[in-house]
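Enquirer: Listed here are the chains, written in short residue letters.
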Amino acid sequence: MYILAAIILLIVMALALIRAFKGPTLYDRILAVNTFGTKTVLLIAIVNFLAGRQDFLDIAIVYALINFISVIGILRFFEYSTKLPLDEDL
Amino acid sequence: MEMLLDILSWILLASGSFFCLTGALGLLRFPDFFTRIHATGITDTMGAGLILIGLMLQASNWIVFAKLFIILLFSLLAAATACHAMAKAAIKSGLKPQTKDNREIEPEEQPSKP
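Chains A and B supply the protein sequences, listed in that same order.
Going by the working numbering, the residue at position 23 of the first sequence is 23; the numbering climbs one at a time, nothing skipped.
Going by the working numbering, the residue at position 87 of the second sequence is 1087; the numbering climbs one at a time, nothing skipped.
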């Protein structure tokens, strides 16, 4: 049953990557990358149980912290920088 | 007792995966940034919470349980905060929500009705 959840999470990450490459505005890409990071934390926690090792959960905690801080940092950077033309590709 | 915990954990994992899948479909199919953030903001919290609770039922000792509980608490806090920050940054930088009046933003995704 861990295999089923891991495969579904991989499909979800692939769909988020499609949106991150396709997304018309910058914020669509940030949202897709944030979703990708959240699902990566869940995937690492499931792989911990699949592999039978206990030290993957530390990696999951660190990944969750880094994901949140990086998304907030990117948003701060773009919120207070100059007004970007939103429909362009970056 | 063990079998009951296994069945409950399997149900929680399957429903959490289902929520994650619906969130990803919403992220891919919805027409606007604010509808997409609605889809993923809700299902991120729900799916992550269900999957982590389902894994917590399978924990072999208390330290695995505690680490999963820390991840659960942090993801409950962080998903909502990140979604709020993204919507606020998008509004402040001038991204307008799609309404009935300005629907011609992405004309190739609208089906042509006779």
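No wet-lab data here; the hints were simulated from the structure.
The structure presented is a predicted model; accordingly, all values stated were derived computationally and were not measured.
Treat the hints with care, since some could be wrong.
[Claimed, not checked] Simulated pairs of lysine-lysine, DSSO-like, Cα-Cα distance not exceeding 27 Å:
| id | chain 1 | residue 1 | chain 2 | residue 2 |
| --- | --- | --- | --- | --- |
| 1 | B | Lys1100 | A | Lys22 |
| 2 | B | Lys1088 | A | Lys22 |
| 3 | B | Lys1092 | A | Lys22 |
| 4 | B | Lys1100 | B | Lys1088 |
| 5 | B | Lys1096 | A | Lys22 |
Enquirer: Honestly, which of those hints from before does the structure not fit?
Expert: none
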